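Could you put together the complete structure from these sequences and hints?
Chains A and B, in that order, are what the protein sequence lines are. With UniProt numbering as the guide, the letters of the first sequence map in order to residues 1 to 415. With UniProt numbering as the guide, the letters of the second sequence map in order to residues 1 to 415.
Note that these hints are calculated values from the structure, not bench results.
To spell it out: a stretch of chain A is covered by chain B in this simulated footprint if at least three of its residues, at any positions, have a beta carbon under 8 Å from a beta carbon of chain B; those stretches are:
| no. | region |
| --- | --- |
| 1 | 67 to 80 |
| 2 | 251 to 259 |
| 3 | 320 to 330 |
Because the structure is a prediction, the values reported are computed rather than measured. We put the CB at the ideal spot given by N, CA and C, even for glycine.
Number of protein chains: 2
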Amino acid sequence: MDTWNEAAAAARPAEGPLAGLRILELGHFVAAPFATRLLADLGADVVKIEPPGGDPVRQWGEQANGRSPWWSMHARNKRCIALDLKHPGARPVVLRLASGADALVENFRPGQLDKLGLSEAALREVRPGLVISRISGFGQDGPYRDRASFGVIGEAMGGLRYLTNHPPEETDLPPSRVGISIGDSIAGLYAAFGVMAALWQRDRSGGTPGPFTLDVALTEAMLSMMEGTLPEYGVFGTIREPQGSRIKTAAPTNAYPTRDGKWLLIAANSDPLFRRLARVIGRPELADDPDFSANPGRLRNVATLDAIIADWSRGFDAAEADRVLTEADIPSTLCFNAADIAADPQYLARGMVRELDDPQIGRVLHAGIVPHVPEAPGSIRWTGPAIGAHTDEILGEAGFAEAEIRSLREEGVVR
Amino acid sequence: MDTWNEAAAAARPAEGPLAGLRILELGHFVAAPFATRLLADLGADVVKIEPPGGDPVRQWGEQANGRSPWWSMHARNKRCIALDLKHPGARPVVLRLASGADALVENFRPGQLDKLGLSEAALREVRPGLVISRISGFGQDGPYRDRASFGVIGEAMGGLRYLTNHPPEETDLPPSRVGISIGDSIAGLYAAFGVMAALWQRDRSGGTPGPFTLDVALTEAMLSMMEGTLPEYGVFGTIREPQGSRIKTAAPTNAYPTRDGKWLLIAANSDPLFRRLARVIGRPELADDPDFSANPGRLRNVATLDAIIADWSRGFDAAEADRVLTEADIPSTLCFNAADIAADPQYLARGMVRELDDPQIGRVLHAGIVPHVPEAPGSIRWTGPAIGAHTDEILGEAGFAEAEIRSLREEGVVR
Numbered sequence: 001m002d003t004w005n006e007a008a009a010a011a012r013p014a015e016g017p018l019a020g021l022r023i024l025e026l027g028h029f030v031a032a033p034f035a036t037r038l039l040a041d042l043g044a045d046v047v048k049i050e051p052p053g054g055d056p057v058r059q060w061g062e063q064a065n066g067r068s069p070w071w072s073m074h075a076r077n078k079r080c081i082a083l084d085l086k087h088p089g090a091r092p093v094v095l096r097l098a099s100g101a102d103a104l105v106e107n108f109r110p111g112q113l114d115k116l117g118l119s120e121a122a123l124r125e126v127r128p129g130l131v132i133s134r135i136s137g138f139g140q141d142g143p144y145r146d147r148a149s150f151g152v153i154g155e156a157m158g159g160l161r162y163l164t165n166h167p168p169e170e171t172d173l174p175p176s177r178v179g180i181s182i183g184d185s186i187a188g189l190y191a192a193f194g195v196m197a198a199l200w201q202r203d204r205s206g207g208t209p210g211p212f213t214l215d216v217a218l219t220e221a222m223l224s225m226m227e228g229t230l231p232e233y234g235v236f237g238t239i240r241e242p243q244g245s246r247i248k249t250a251a252p253t254n255a256y257p258t259r260d261g262k263w264l265l266i267a268a269n270s271d272p273l274f275r276r277l278a279r280v281i282g283r284p285e286l287a288d289d290p291d292f293s294a295n296p297g298r299l300r301n302v303a304t305l306d307a308i309i310a311d312w313s314r315g316f317d318a319a320e321a322d323r324v325l326t327e328a329d330i331p332s333t334l335c336f337n338a339a340d341i342a343a344d345p346q347y348l349a350r351g352m353v354r355e356l357d358d359p360q361i362g363r364v365l366h367a368g369i370v371p372h373v374p375e376a377p378g379s380i381r382w383t384g385p386a387i388g389a390h391t392d393e394i395l396g397e398a399g400f401a402e403a404e405i406r407s408l409r410e411e412g413v414v415r
Numbered sequence: 001m002d003t004w005n006e007a008a009a010a011a012r013p014a015e016g017p018l019a020g021l022r023i024l025e026l027g028h029f030v031a032a033p034f035a036t037r038l039l040a041d042l043g044a045d046v047v048k049i050e051p052p053g054g055d056p057v058r059q060w061g062e063q064a065n066g067r068s069p070w071w072s073m074h075a076r077n078k079r080c081i082a083l084d085l086k087h088p089g090a091r092p093v094v095l096r097l098a099s100g101a102d103a104l105v106e107n108f109r110p111g112q113l114d115k116l117g118l119s120e121a122a123l124r125e126v127r128p129g130l131v132i133s134r135i136s137g138f139g140q141d142g143p144y145r146d147r148a149s150f151g152v153i154g155e156a157m158g159g160l161r162y163l164t165n166h167p168p169e170e171t172d173l174p175p176s177r178v179g180i181s182i183g184d185s186i187a188g189l190y191a192a193f194g195v196m197a198a199l200w201q202r203d204r205s206g207g208t209p210g211p212f213t214l215d216v217a218l219t220e221a222m223l224s225m226m227e228g229t230l231p232e233y234g235v236f237g238t239i240r241e242p243q244g245s246r247i248k249t250a251a252p253t254n255a256y257p258t259r260d261g262k263w264l265l266i267a268a269n270s271d272p273l274f275r276r277l278a279r280v281i282g283r284p285e286l287a288d289d290p291d292f293s294a295n296p297g298r299l300r301n302v303a304t305l306d307a308i309i310a311d312w313s314r315g316f317d318a319a320e321a322d323r324v325l326t327e328a329d330i331p332s333t334l335c336f337n338a339a340d341i342a343a344d345p346q347y348l349a350r351g352m353v354r355e356l357d358d359p360q361i362g363r364v365l366h367a368g369i370v371p372h373v374p375e376a377p378g379s380i381r382w383t384g385p386a387i388g389a390h391t392d393e394i395l396g397e398a399g400f401a402e403a404e405i406r407s408l409r410e411e412g413v414v415r
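Okay, structure coming up:
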């Protein structure tokens, strides 16, 4: 057991709008643990149940001392208990923990928890009104319920992957990933939102006690964000097609190459913005040229226009071009990588890049707490704990005697 | 005033976990209206204040009878009042509406509402404990507070755009957009989550009455989802680089071309999955070949491996290949476009693609309600209303007499 963790927790009691909320996580990988990170960041007491071998994310990405920096952020502010759910002795432990929880968040394959004796009915027998948030690839019912899934599948079926590409006349490369498991994280965000919606109704004065279940599918979380894609198809039969780095309806907005080999985003897609841009790039006459003065002309001649802007941008380093554009109040930015993020004055001023000491990996940077609540900003009370760091503490709080805990450990139920 | 809307509302009273919640929206474009769509979908009574000319999204995308199908979905289940915020008579109207609201969601430029006399203090004078959710490009303070922003800027500064690209050795095209304003929608989702977190604390028995403000920045909402990008940079100094359509740590997972010119996603990146895939593509020996049998070998030889799989996939239409892979329990899917989504049996079975009648544009498809709440699934009570559709109704409920409403209209305060 990591005493640093206890010390850190004792030193920094929960604050934030979710102080007083108790969440039980039966999650792994990205989606459910991301949902509970958001809840823990706002002050909830999150108890994460994981197998004795640990959540696989503990081994994801680069490792320092056998420990993943990603884990440091993914599991921050949570308490971890290691429990072998396949052991017959685990069920009563989970039920005891559930009996004190406001909500449970899980992302097992549909039906798995039922097989372990942890059906919704069983959980609500010990805790009536327990909010249960389930995240899965395709949802808890329907013909695909039992199909294998991954984040990339959800993103592709939700419609995102199809659109994340250059038009076929510009490339024969496949559509790109966005570089992160965005479908998992968006599903997790919907799950966290749903948990709070259900709890508001359950706990407000005069509210409906529920029970409420949140059935979040990765595919559906993605689809929900697809704007006019589906309505426009329904009315006109038109299929939204990939637009690459441009926007179909307005120009110029694109990423332009710079002298130092970076990509500079410029969004000057209104008449006043374009007039300013034309001046900045030394081509003021374009703002009065009928081919470019208004948006329809700029869209018609977008390839020519982008080439003109790229001719200009290639003459500057990205930082210099960005400074010139910002001074002219034209929306622009370098496409930020990790180093750009870490050095950005706005992120630093807002506490959105934070330097922390992780007892096992040392100095580490985390993203800050979103959404920012000025009246109760919360804190990163500790970084991702070791396996079983809070097993004894959690079991003790749940009323297990020391001898019982010892025997659970000897039997291999907990670690 | 559209009587259909009143009739629809009367016929379908709110249900869902947010029944009884009253939200005031001072939003436009994507982020704030997306947040309130999610709240309205779960049953909240959302009153949207928009200028007499209407929210610009009413004109975005393709139009039918001067009406945007996107709007039909974006503003569904909301009530709309048209109010000229620049008119001196508007302030008391907003304050009257705020006095009956639980939360306000807005995405004006920071400082704009203060200039209109609608500061947080003024709003909370009429409604103590009002939850205020503010969405902006960079946040309500810090050195970039007043900089112009767009969704694409937030995505680029959050780190998403940099990663949404093929490696430089494969293309010199710029990083791609994902085809939707995903930064706006993710910020909206964080705002909706934050509103419910704040309201839970305010309204629960024994909770803290607040006030709570949610200060959501597009950039920060994106950064919050970037997984190990920042922690890994902090510990090792390594910068996550674009990986195109592959995943850096596992193979094979990619989008492969098919005979009918589509992209088929296959994620067979574990040893058992790869063994099955090798059999399906008629190359069972690969599963025992030291170059491919385990993940490190497959990663080393990923270009060769992807070429072998593509040779197979090019021999089939996408639907056929997908069927064969699914039968072998290998995660795969066509990259869905709008038509694929609309026809998908799982979406249809789960009510996630719904056909509705919009009184002005006719038959339209909407994405369903996410998260799905089986015990209180809610409904799409009506599609996006016309400008000012509920002006009289809302003012009447707020205690304005008919003569007052008439005079507000004559003075051009409301429409």
